[in-house]
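J.: Read top to bottom, the protein sequences are chains W and C.
Counting from 1, position 5 in the first sequence corresponds to residue 5 in this note's numbering; the numbering is continuous, with no gaps.
Counting from 1, position 231 in the second sequence corresponds to residue 231 in this note's numbering; the numbering is continuous, with no gaps.
There could be a bad hint or two in this list.
As the list claims (entries may be wrong) - Each computed DSSO-like pair below joins lysine-lysine, with the alpha-carbon atoms no more than 30 Å apart:
1) C:K103 - C:K169
2) C:K259 - C:K223
3) C:K98 - C:K169
4) C:K259 - C:K98
5) W:K64 - W:K3
6) W:K168 - W:K114
7) C:K103 - W:K192
8) C:K25 - C:K259
9) C:K169 - W:K114
10) W:K64 - C:K169
11) W:K4 - W:K33
12) W:K192 - W:K29
13) W:K197 - C:K223
14) W:K64 - W:K184
15) C:K103 - W:K197
16) W:K176 - C:K169
17) W:K168 - C:K169
18) W:K33 - W:K192
19) W:K33 - W:K197
20) W:K4 - W:K184
21) W:K176 - W:K114
Derived from the structure by calculation, the hints contain no laboratory data.
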Amino acid sequence: MRKKITIIFLLAISTQLVISCCDCPEAHKYEYKFEYLSAFNLDNSEANSVISESTIPRNAYGIKLQLGLRELSLYHNRFSLFTQANAMCCLCGPDTTITPRDTITSLTVTTINKFDDSHPEGGDVTALFKVLRQGNYVGIDSIIVRPDTYYKRTETEFMELYLFTPPKEAGEYSFKVDLALSNKAHLSAFTKPINLK
Amino acid sequence: MNRLLLLLVLLFVLKGATFAQSEYKPVRFFYRPSLGAMFPTRSFPTNDIPANLIGTKYQNLLFQPLAIGVFFRNIGIEGQVMLSPALTPRDRHDQFIKDINLKYGNRYHVSVYSSAIDDYLDNTSDPIFRGSLGPSYKIERNRWMFVGRMMVGVVSIVSNRGLVRLKEKGTNELLNIRWDTQYATEDCFSFHPAFTLAYRIRRRISFNLDLDSWFYEANATYKETTTNAFSGNVAINQYRYSHFMNDVSVGLGIMVIFK
Numbered sequence: 001m002r003k004k005i006t007i008i009f010l011l012a013i014s015t016q017l018v019i020s021c022c023d024c025p026e027a028h029k030y031e032y033k034f035e036y037l038s039a040f041n042l043d044n045s046e047a048n049s050v051i052s053e054s055t056i057p058r059n060a061y062g063i064k065l066q067l068g069l070r071e072l073s074l075y076h077n078r079f080s081l082f083t084q085a086n087a088m089c090c091l092c093g094p095d096t097t098i099t100p101r102d103t104i105t106s107l108t109v110t111t112i113n114k115f116d117d118s119h120p121e122g123g124d125v126t127a128l129f130k131v132l133r134q135g136n137y138v139g140i141d142s143i144i145v146r147p148d149t150y151y152k153r154t155e156t157e158f159m160e161l162y163l164f165t166p167p168k169e170a171g172e173y174s175f176k177v178d179l180a181l182s183n184k185a186h187l188s189a190f191t192k193p194i195n196l197k
Numbered sequence: 001m002n003r004l005l006l007l008l009v010l011l012f013v014l015k016g017a018t019f020a021q022s023e024y025k026p027v028r029f030f031y032r033p034s035l036g037a038m039f040p041t042r043s044f045p046t047n048d049i050p051a052n053l054i055g056t057k058y059q060n061l062l063f064q065p066l067a068i069g070v071f072f073r074n075i076g077i078e079g080q081v082m083l084s085p086a087l088t089p090r091d092r093h094d095q096f097i098k099d100i101n102l103k104y105g106n107r108y109h110v111s112v113y114s115s116a117i118d119d120y121l122d123n124t125s126d127p128i129f130r131g132s133l134g135p136s137y138k139i140e141r142n143r144w145m146f147v148g149r150m151m152v153g154v155v156s157i158v159s160n161r162g163l164v165r166l167k168e169k170g171t172n173e174l175l176n177i178r179w180d181t182q183y184a185t186e187d188c189f190s191f192h193p194a195f196t197l198a199y200r201i202r203r204r205i206s207f208n209l210d211l212d213s214w215f216y217e218a219n220a221t222y223k224e225t226t227t228n229a230f231s232g233n234v235a236i237n238q239y240r241y242s243h244f245m246n247d248v249s250v251g252l253g254i255m256v257i258f259k
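Same shape as in the complex, but just chain C:
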């Protein structure tokens, strides 16, 4: 009985909210921070050791400190800045060690001095920076607002450097292997469709549910330098990654309506 009463009250409130006469002016200029969860749907192949040094795999949090937009009637333009760090930054370093041991562990004692160690020790990761700009279209029905965007921008992927020391079991032989990229971050062009469902609770405040998706091609080239510590012989390999990526995020936030 109580549940039926609650349902009736909810329906009454929703009906009132949805079909009531609009008491608010259409949104024109707004600021929209949000917080969400990131789900990378594709990743670099993990069987390559340096692929673990690229910080795209374990990102699972999304901060949107800045998103500003303006509408001219229903068509508008919006710019966003987002940061996506990893909630479990140690996983990437753990995977790196696993892959190193898989390849070299039978013959060598492995000591890892990778840049991902910083993430491991601090238990925080370098966030991936995202910036997007593009046109938007809104449909407003009383307190509800639906916004669709087709933006383009940049996803700046982090690439750590790696260094391992391999001491051969039972001998004095020592190998040093390092993996380097030319740049610590690589800016990748991204196509960024996004949707927002907003419900206006005050004249200047609304709650939002965001659904975003990024499509980009992540390019990174790792140089693997293997140095024999005794002879000084150096062997160089290159790992070139050009991988189509897709990240999806779901976020919750507020919209502050200025005008």
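Same shape as in the complex, but just chain W:
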């Protein structure tokens, strides 16, 4: 009698476990590619940075990058006995996952005008900029090394670069941003000429 009760009890528990661990909805998986790049002048002199076309203080200049993403395909899941295997923690994954097809391999900023004596016209000024991530400024290289920090689940992704070594002289400046992708493609964008005071 005791054995029968134990078997019934174990069966009930096992059924509950199987139901709770495997009853996850099918996840929608999307893939996207980087389609275009736009660059805007940022005025960071106030509490929050804003896109600006008027004169900006040299110490509060930044570039806002807009990465346009285009959805490519819907993944087809392989056949499985269980819709989703989460048996260890009995928690389902996200309903939708959007992942990039390509990775960004380099991001460079070049100055169109002479920036200073060390950075003539067409000079690389990438090292003079930093990216704001979670309340801290990090080097552009660290963003490239850790791509997960810029892969978001949105159709358009923004990245803000802030200038930390301003030009010695006030004047009109413009920058070109180049983005190299793992599929050998390049995206580039120019900021509108802006007066830095």
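Mind docking chain C on chain W? Use the hints.
T.: Just chain C now, kept in the frame of chain W:
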């Protein structure tokens, strides 16, 4: 005339209650919940920013869900558990913001991400927990009972963490300042004298008026970490508080007499 009549009736009732022969047995074992108002008479200095993160200042309500005592003749022992939340929990966060702006507002745009924000958003505060145990002495006269206690216990003060982001005006410079304590609550030894005046309305029920006072030394150490978001430079300061505190409460409640 009506007032005179009312006064006479009241005097008659009080005389009857006070000098009548006692129809009740002396109290031996009781449970005594109550509700009251808390008045902190001392507080941490407010000119320090992290002092606003310590939750002792604005507490002004007192719940006593549990107080059980037993008497052996007139001497007894009583244990109490009390909670004192703030009725206006937003004041502490407001004061924190005021102090931050006073110190940094001229040079920086201030964004506050303090733990006291939770109190502000929910409009409820984390209560301060108090627990006391000690001897008591009662004097019973008919329906009236006076109880004096000399207890010792713990006042568990809440210390929130604070985080502010300071964006320099006109530049890209950014500072993050955070204030942390080692523990979210700090248990402080307390000396807790208390008095209760009770009037028995039934054999097993009496109404109480409570007067309590807590003396304790509140200790808290805040570490202030200032990080320059661009250079990564970190500066650390310590604020060590060791402050003698006194809270007074007045409460009303009932006493359920089991024996």
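J.: Give a verdict on every hint.
T.: Hints, one by one, checked against the model:
1. C:K103 - C:K169: holds (14 Å)
2. C:K259 - C:K223: Outside the cut-off at roughly 52 Å; violated.
3. C:K98 - C:K169: Distance ~18 Å between C:K98 and C:K169 Cα, so the pair holds.
4. C:K259 - C:K98: violated (54 Å)
5. W:K64 - W:K3: violated (70 Å)
6. W:K168 - W:K114: holds (11 Å)
7. C:K103 - W:K192: Between C:K103 and W:K192 the Cα gap is close to 38 Å, so the pair fails against 30 Å, i.e. violated.
8. C:K25 - C:K259: Distance ~8 Å between C:K25 and C:K259 Cα, so the pair holds.
9. C:K169 - W:K114: holds (27 Å)
10. W:K64 - C:K169: Judged against 30 Å, a Cα distance of about 19 Å means the pair holds.
11. W:K4 - W:K33: Between W:K4 and W:K33 the Cα gap is close to 59 Å, so the pair fails against 30 Å, i.e. violated.
12. W:K192 - W:K29: Outside the cut-off at roughly 37 Å; violated.
13. W:K197 - C:K223: This hinted pair is violated, its Cα atoms lying about 39 Å apart.
14. W:K64 - W:K184: holds (23 Å)
15. C:K103 - W:K197: Distance ~29 Å between C:K103 and W:K197 Cα, so the pair holds.
16. W:K176 - C:K169: holds (27 Å)
17. W:K168 - C:K169: holds (19 Å)
18. W:K33 - W:K192: Within the cut-off at roughly 26 Å; holds.
19. W:K33 - W:K197: Violated, at about 38 Å.
20. W:K4 - W:K184: This hinted pair is violated, its Cα atoms lying about 66 Å apart.
21. W:K176 - W:K114: Distance of about 13 Å is within 30 Å: holds.
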